[in-house]
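Participant: As a plain string of letters, each chain reads:
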Amino acid sequence: MKFSRIIGKSMEGLVKACGYMSAFTVLLIVLFLFREGISFFTLTPIEEGYSLWVNQNNPVQQLSAAEVKDIFDQKITHWSAVGGQDLPIGRLTLDELAEAYTEEQLGVSFEHIPDCINHYIDSLPGTLAFFSDQWVGTGLQGARRLDMANITPAVFFSDTEWFPTSLPAARMGVLPLLLGTLLVSFFSILFAVPLGLAAAIYLAEIADDRVRRILKPMIELLAGIPSVVYGFFGLVVIVPLVQETFNLPVGETALAGSIVLGIMALPTIITVSEDALRTTPRYMKEASMALGASHWQTIKNVIVPYAASGITAAAILGIGRALGETMAVLMVTGNSAIMPTSLLQPVRTIPATIAAELGEAPFGGLHFKALFALGCILFLMTLAINLIVERVIERPEKA
Amino acid sequence: MSGIKAVVLDFSFQTHPLKIHILKNNWIKITVLCLMAMACNNQSTQDKSGSHTNATTISVKGSDTELPLSQREAEEYMNATPGAAVSIVGGGSGTGITALLDGTTDICMSSRDLKTGEKLRFREKKIDVKAVIIGYDALSVIVNPKNQVRQLTREQLEKIFTGEITNWKEVGGKDAKIVAYSRESSSGTYEFFKEHVLDKKNYSPTVLNMPATGAIVQSVSQTEGAIGYVGLAYATSSVKSLNISYDQGKTYVEPTIEGAKDKTYPIARPLFYFYDAKSEVKVKAFIDYILSDAGQKIVAEIGFVPIK
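Protein chains in written order, with the numbering used here: chain A, 1 to 399; chain B, 1001 to 1308.
Keep in mind that the hints were calculated from the coordinates and are not lab data. Warning: the hint list may mix true and false statements.
As the list claims (entries may be wrong) - For each label pair, taking beta carbons as the anchor points, the in silico distance ranges come out as: (1) B:Asp1199 - A:Gly49: 24 to 34 Å; (2) B:Gly1103 - A:Arg5: 49 to 59 Å; (3) B:Ala1212 - A:Leu387: 35 to 45 Å; (4) A:Leu358 - B:Asp1102: 49 to 59 Å; (5) A:Glu390 - B:Thr1104: 29 to 39 Å; (6) B:Asp1102 - A:Arg5: 49 to 59 Å; (7) B:Lys1130 - A:Val236: 41 to 51 Å; (8) A:Leu221 - B:Lys1125: 37 to 47 Å; (9) A:Asp95 - B:Asp1102: 19 to 29 Å; (10) B:Lys1278 - A:Leu241: 37 to 47 Å; (11) A:Thr102 - B:Glu1124: 45 to 55 Å.
Where a beta carbon is used, it is the ideal one built from N, C-alpha and C, also for glycine.
Isolated chain B, as found in the complex:
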């Protein structure tokens, strides 16, 4: 009992000075906060006025696949050309195309061509869309290095990812269950693979969805029966890339940069920049830089296929 009493006493002694202390402290804090808020306000208005005067800022929006590439290109471009400003935003190809339609972006990055419906909407708004291909992206179909299967046809891939083929022995491998990995449905790569490999059919619900390309490589490298698809540059030595046939097994093509460039490798897609012909003067210098030797070198460094 005496212990508890002592505690109570302790508290009663401390409450008074403590309270005053807190009050004082808070008062100072609030003043500081107010000052900070004011300072922030000032700064943000300055920022806004700054971007208004600088009319040469090129805004680029769209595909997440092209995001890292565009960022590197923009950095190098801004280093090389003093006074130039480029701002890059991701969000997906569809987002970028909508932004171009609304006139809220100068350039739209897109990892697919315009759909018929989108072309019509541009025509309705009387926007003359120009398209530039800045590089190619090829998808590798990867399996675990221990897997004996070395090649597959498009039809076999379709059946694997739609759940019709579930065992490796059906495509010439061991008697083992196939574990198919895909990207999440928000990814442009997911749509591309669905359209060009799965003949627009839906993925089987048993396919595992991974949030990132790196996660697919990691999972395929540690799962013996795994199969997945990733950008060419992501296929490291910890996984094995398959040769793919788009002519019912007559010829199998190895996924290489050369193959994607001369279009013998079938699972490749162009990376587009779309822009309004009216703003050509504004964006031309940046696009020319990307198409230059220095710009194309960056394309290769990031892991895409240069156009030349």
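Chain A extracted, bound-state conformation:
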């Protein structure tokens, strides 16, 4: 008897420890996510340890990330386009320097590199130089460091271009990704809710037990299929279908993503709303029947309204599934980071961006932190959805 009490006590302790530990883990992950994500806004669009330099007589004081990118893409070729003199812009990086000077001039252990940079900028006053602080950290005589403004949340949320690996300055505009995510998720739910609700009504009210026993496990199996398989199915079946139906130049579109995600959200929606439909008390149904309502009228006027909060919860949970889904979307939406203007156009979503880019982003760098900031946005979105679900489910108890 005593022994069993000791076991009981220690088991209780163990269970308690596990509970605290998992809560602590969640907290730790969220803290880590936000620490990395928020520190992103203390950075400039240029990777730490690098800087841009111009001739000291150049009147231009500051360039935006967009201007720097256009200069290095050779879309801006004159300083006059960014408020400077009428001089052509020359770009200088370590590669160009190595071509312009001999190894002898650069020095045996490259100790003359700062001098060479100085010489180059001096002789070509239109030069925009991009170097590691290793070479220019102590400053250059004839040149001036060009300031870059920090990435502000305002720029982060309003810039419409996403070029995180563009050198020397990255463009981090999350707007196209955010809109892409919302567009795909919203329309996937638009497909999935009517279909899922119909299936749930059939399973809960109309199907006989035998059919139900076959259908239910099959629908639940749908949730068990790995998302890569959905993605592949989408790429091979749904993408060509969308392309042919709408006679588009390209089939990898937001629509294809919405359809695949809609199919993936179906099991959640069906299971949750079926459970909600089944909670309708028997006396309510019987009362409706007794008043002369047909089976369909009972479903329409009694059962579905009674289960409305559960059905709403199902839809919102489905959106949550769609928001966070990565692999399937990565394969069927084309992943072009452009501002979405229609459903029949490629989009890039936030989860797909994180999955595709985190592998090569240098640990702790600008790109890395930008992806964490994206993770924060995604976290806040799903958190909001979960809170809404809680509110929706709570409501009938109060009523």
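Model the placement of chain B on the given structure of chain A, informed by the hints.
Facilitator: Okay, now just chain B, sitting in the frame of chain A:
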């Protein structure tokens, strides 16, 4: 009402025996788990000590492009030489070069040459880097088989992928929109194409990014206005490879293994193995195997271009 009562009764009957059952069961489970954990612990310490004694394990790290090739080579090499051990890890060329700098890998696979900055860092650390070319990788520019366009110049490719040319009629095709496919920015192929074809300019944001080479082939084969780039070996009969000119359209070269070998085909890159000269004794046998006839046969089988 009576139905509900019955249910409640049912439950009250079952709770007691059930609880005991669960408790007993859990106790057994926990014991088993503890034992398993202990067993695992033992095993992992054994593993560690095993790898310590076996000092001849060659670690290879870097480019994902070379990953499948290195894996096959390592398998065949280990089959042919008893007692040899090679471990291969991917992660990208940059990752491999950093690992070689830190001394955490013996060989670094890289699908590009060292950048000036990287050479300097090796020199600072006084590491004498040796480079071996184990094969070549050529990129085919592919279009849908229904496309009439058969050849493009580098300049035209640059304009297509940076978004300046958007219609096939501008390069001698039908009046149809161009749909350009690229790999994701984490891919070495993405960087290679950007540097050697796009003149280091950024891709247009309208370019579609695919997570895998297979996905590009699949998409190009089912999209009429599509254009994409893939490794030579991936260009199947479901897509059409274009002839490329790097001299403003004077000569167009067909992407073939021969062309990549004698360097007449321009969009080709060497596949490097970098290693520290100090560890040459350790890695030489493996590298020699890759450069041997048997090793080069595997290079061709995987779809790369052998060096001989």
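Participant: For every hint, state whether the structure bears it out.
Facilitator: Status of each hint after checking the structure:
1. B:Asp1199 - A:Gly49: 24 to 34 Å: About 26 Å separates the Cβ atoms of aspartate 1199 (chain B) and glycine 49 (chain A), which means 24 to 34 Å holds.
2. B:Gly1103 - A:Arg5: 49 to 59 Å: holds, 57 Å
3. B:Ala1212 - A:Leu387: 35 to 45 Å: holds, 37 Å
4. A:Leu358 - B:Asp1102: 49 to 59 Å: violated, 21 Å
5. A:Glu390 - B:Thr1104: 29 to 39 Å: violated, 47 Å
6. B:Asp1102 - A:Arg5: 49 to 59 Å: Given range 49 to 59 Å: holds, Cβ gap about 55 Å.
7. B:Lys1130 - A:Val236: 41 to 51 Å: At roughly 45 Å between Cβ atoms, valine 236 (chain A) and lysine 1130 (chain B) fall inside 41 to 51 Å, so the hint holds.
8. A:Leu221 - B:Lys1125: 37 to 47 Å: Violated, at about 55 Å.
9. A:Asp95 - B:Asp1102: 19 to 29 Å: At roughly 24 Å between Cβ atoms, aspartate 1102 (chain B) and aspartate 95 (chain A) fall inside 19 to 29 Å, so the hint holds.
10. B:Lys1278 - A:Leu241: 37 to 47 Å: violated, 58 Å
11. A:Thr102 - B:Glu1124: 45 to 55 Å: violated, 21 Å
The earlier numbered hints that this structure contradicts are 4, 5, 8, 10, 11.
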